[in-house]
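Whole structure, please, built from the sequences with the hints as guidance.
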Amino acid sequence: MKEIFVIVLMAMLTENFVLAKFLGICPFLGVSKKTSTALGMSMAVLFVMMVASILTFLIHHFALVPFRAEYLQTIVFILVIASTVQLTEMAIQKMSPPLYQALGIFLPLITTNCAVLGLAVLNIQNDYRLLQVIFYAIGASGGFALALILFAGLREKLELAEVPQAFRGPAIALVTAGILSLAFMGFTGLAPAS
Amino acid sequence: MFTNETLLALAILGSIGLVMSVLLSIGKRIFAVETDDRFDRLMDILPGANCGGCGFPGCSGFAQGLIDGTAKPTACPPGGPEVTVLIGEIMGVKLTPGEPMVAVVGCAGDHSAAPPVANYQGLRDCRAAHAVAGGAKSCAYGCLGLGTCQTACVFDAITITDTGLAIIDRDKCTACGACIEICPRQIIRLHPKRDEVHVLCINPDKPKEVKAVCTVGCTACKLCTRQSERLVMDERLAVVSPEVKADIPASCALVCPQGTIFDLRQYALSDWILDPAARRDFEQRQEAWKAEEKARKAAAREKKSASKAKPKAAPDTNTDANAEPGTDATPSAGGEA
Amino acid sequence: MSILTFRGGIHPRYNKERTAALATKPLAAPDELVLPLSQHIGAPAVATVSVGDTVLRGQTIAQPGGFVSAAIHAPVSGTVSAIEPRPTGNGTLGDAIVLANDHQDTETSYSGLGEDWAQADAATLRDMVARAGIVGLGGAAFPSHVKLAPPPDRTIDTVIINGAECEPWLTADHRLMLESATAVVSGLRIIQHILGAPNGVIGIEANKPDALRAISQAATGTPIRVVSLAVKYPQGGEKQLISACLKRRVPQGKLPMDVGVVVHNTGTAAAIHRAVVDGRPLLERIVTVTGTAVSQPANYWVRLGTPVAHVLQHCQTELTPAGKLILGGPMMGIAQKHADIPVVKSTSGILVLQPKDATTRPASPCIRCGRCVDACPMFLVPQELGAFARLRMIPEARAAAALDCMECGSCAHACPAHIPLVQLIRLAKADIHAAARKKM
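Chains as they are written, first to last, in the numbering used here: chain Y, 407 to 600; chain V, 4 to 340; chain S, 5 to 444.
Among these hints, one or two may not hold up.
[Claimed, not checked] Straight-line alpha carbon distances no greater than 30 Å define the calculated DSSO-like cross-link-like pairs of lysine-lysine that follow: (1) Y:Lys563 x S:Lys443; (2) V:Lys209 x V:Lys225; (3) V:Lys31 x Y:Lys500; (4) Y:Lys563 x S:Lys360; (5) V:Lys293 x V:Lys214; (6) V:Lys75 x S:Lys442; (7) V:Lys196 x S:Lys442; (8) Y:Lys440 x S:Lys443; (9) Y:Lys563 x S:Lys251; (10) S:Lys251 x V:Lys75; (11) V:Lys225 x Y:Lys500; (12) S:Lys443 x Y:Lys439; (13) S:Lys433 x Y:Lys440; (14) Y:Lys440 x S:Lys442; (15) S:Lys442 x V:Lys175; (16) Y:Lys439 x S:Lys258.
Since the hints were derived computationally from the structure, they do not count as laboratory data. Bear in mind that the values here come from a model prediction, so they are computed numbers and not experimental data.
Following this line, the structure appears as structure tokens:
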């Protein structure tokens with residue numbers, strides 16, 4: 407139980423996928439203009455991460471390891487993630503067309519999102535059991551959501567500021583992301599002494 | 004060639020791929036969505052400026068409006084006639100494009116012509132300045148030159164001169180209407196792009212009052228209205244009539260004593276406003292034309308007195324007299340350039 | 005008496021000591037008076053005289069142009085020399101009746117109800133107020149008879165008289181309370197009678213102890229409560245008065261009558277007294293003429309329609325092109341381009357400042373210090389509203405309650421970056437109204 411708690415906490419705060427591991431920067435910068443789209447994107451990523459991590463875990467342990475074909479890991483994982491994202495895209499287009507419009511190109515880009523592949527690979531690297539995989543996915547997507555929504559809130563305020571000409575647009579956004587990342591470093595003290 | 008490992012790899016990939024494709028095709032059936040591909044085709048041909056000139060929120064709003072039937076296909080000013088025709092093709096209707104329009108600032112009174120009577124300190128915004136006792140300009144109708152229209156224009160078509168006047172570049176202007184809406188004095192108006200002559204004044208006050216506040220304002224002398232039927236008087240202000248179809252000769256601009264009428268066949272707008280050499284050249288041409296008119300009138304008077312001295316009207320003489328109606332003191336409508 | 009206050013507000017330098025002790029003097033009437041037909045909120049009045057007519061002082065020369073409108077009377081006897089557009093204090097040309105003064109001051113006859121006004125019913129009294137052309141003399145110029153006729157479903161239990169005069173430099177209301185205390189108290193009682201309101205309160209800022217004493221004395225024997233208010237701008241705002249005197253909060257977008265209160269200015273109360281008791285219409289008002297460029301500041305009884313230039317002549321002012329001429333106070337008054345404008349019903353003061361007091365510093369970027377938020381008496385976030393205005397984010401501005409702003413100027417005064425917040429918020433309000441009209 408404590409282990410699960412540590413995994414989730416670690417994934418969300420101390421080793422936040424976006425702000426500490428610097429994975430998934432593309433949607434982080436691309437979808438964080440408004441908090442409402444950020445929330446929608448986070449939900450999509452949560453779903454993809456859950457499905458993809460469980461599927462990849464199962465495939466790795468029951469299809470790759472028995473045939474000693476672990477070297478196929480990367481390509482097979484990408485295949486699974488791509489299909490999952492396609493399914494998610496179809497589902498969102500059906501269930502919430504405005505969200506589909508708002509996310510635009512960034513929805514299919516979850517496929518190449520290194521955060522999802524990174525999660526799948528980390529699950530294997532850390533040798534997690536299925537339960538741990540599930541909670542690691544929850545923690546990772548929760549951390550992604552946290553970073554994305556926080557940043558979206560900051561960017562909404564940045565819109566109102568009179569930024570110097572040289573910093574307008576992506577420049578000030580990246581500087582802010584860096585400062586947010588520094589802030590999350592403050593959570594390092596929460597890591598268990600192991 | 005095909006070792007065991009290669010075959011194994013292919014088998015694993017192939018089977019996973021097969022499973023996934025089956026899942027996806029099932030998913031496609033469950034999550035089938037009716038999309039109107041017209042939306043994407045419309046988005047392709049629309050200018051993408053999101054200027055709001057159509058009255059809808061951005062180009063996507065306009066495209067949706069076209070599909071819903073709430074938008075008029077001719078409503079996109081930046082797109083112009085070409086886009087209107089393309090919209091018609093996509094929507095399956097035949098459309099005749101509207102007349103291209105362009106926005107013109109109806110004022111030539113910069114700081115030198117219409118000087119400020121007070122010092123305005125505050126937000127550099129024409130609406131804000133106008134709200135403080137009507138702004139610091141001597142003329143209550145003229146351009147305040149603080150650049151609110153320039154900020155509103157998404158096509159970068161408006162420049163504010165150093166002397167405090169807004170000028171619109173007719174090649175960049177798409178007649179989206181943003182500047183017209185935001186100008187607190189409604190100085191900017193839409194004119195057909197093919198119109199080459201404009202009256203740069205909207206001050207309707209009495210001639211003495213106009214002269215007191217501006218050196219280039221319209222003083223309702225009506226001289227221009229005699230040069231062309233298209234120039235009519237709207238109470239105490241000369242305007243180019245949109246309904247009347249007639250030519251406007253170059254003499255209209257030349258005859259105006261205040262220099263209010265701008266003829267783009269003779270000068271470029273920025274030169275007209277900013278370049279003192281252009282104004283000097285205009286004054287010279289004005290003098291030259293006046294001299295010519297004087298000479299022509301003198302010649303006409305002589306001919307008339309000569310024809311009066313002759314005995315009772317022979318058909319030729321009468322026709323002659325009729326052919327030259329310049330017997331009254333005002334210049335004739337057929338004045339040459 | 006405990007001191008009452010409201011949320012927010014600022015403490016500008018008041019400079020009232022220059023004129024607070026000066027008794028009000030009558031100002032000699034000019035040769036020409038200009039009476040704009042629109043010197044109040046609502047429809048312009050309609051002239052009932054024509055060019056060439058002779059008029060008597062006190063005669064009605066224009067009728068209200070609708071329910072929300074006010075009558076206009078001749079402050080002098082003479083002839084109507086013109087009815088034409090003339091420059092007014094808000095920068096536009098407005099139709100005005102121009103009177104040539106014959107300096108005879110021949111008055112028309114007046115008929116008031118005397119001290120027995122309590123016998124008359126509310127409708128008669130309201131009608132007398134309307135016929136006297138009385139509007140809110142605190143600067144808003146809202147026709148008073150309309151304020152005295154709330155919709156039948158609104159019960160008014162309290163009437164508050166605004167004796168705060170929070171605007172710096174001005175002492176017109178202060179002098180009125182000292183010199184006509186009985187008229188003010190009587191006016192309040194008349195208003196209470198018309199509205200059927202059992203409670204009456206007169207709120208006076210604590211920096212006017214002599215006025216507090218004078219009004220308290222005039223109010224002895226009546227149930228009227230005289231309260232001392234904290235010296236803070238804008239204590240004289242309606243909602244701020246209600247909050248301070250009664251601890252009631254008027255909800256966003258609502259009016260004082262929605263919480264059972266009606267607020268009137270002291271000058272209005274005194275004018276109502278004169279209209280009902282003596283039958284005299286509104287012909288003149290107290291104007292404080294002061295400022296750093298005025299060497300002989302004074303409080304004057306000025307006839308309506310007197311050109312500001314005429315008033316300034318009597319006060320040894322030095323109006324230079326680089327100086328500032330303000331009609332009203334420095335917070336909510338309007339700067340003028342020239343002095344050829346008339347004194348109207350809402351002119352409580354004429355302020356002339358030297359060039360060194362007239363310059364403003366250029367604005368620098370906002371650093372979110374929050375002083376504007378502390379200062380705002382309407383619970384708004386002026387920084388946010390200013391940003392929305394600058395970026396023309398209309399729906400966000402409406403959602404942030406930009407329309408609640410009463411343009412008091414506290415935020416702009418408090419801003420260390422000298423950002424012209426009031427101008428920005430005014431633009432936002434104009435955009436919101438334009439967007440609402442477009443939707444219709």
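Hint by hint, which ones does the structure fall short of? 4, 9, 10, 11 and 16
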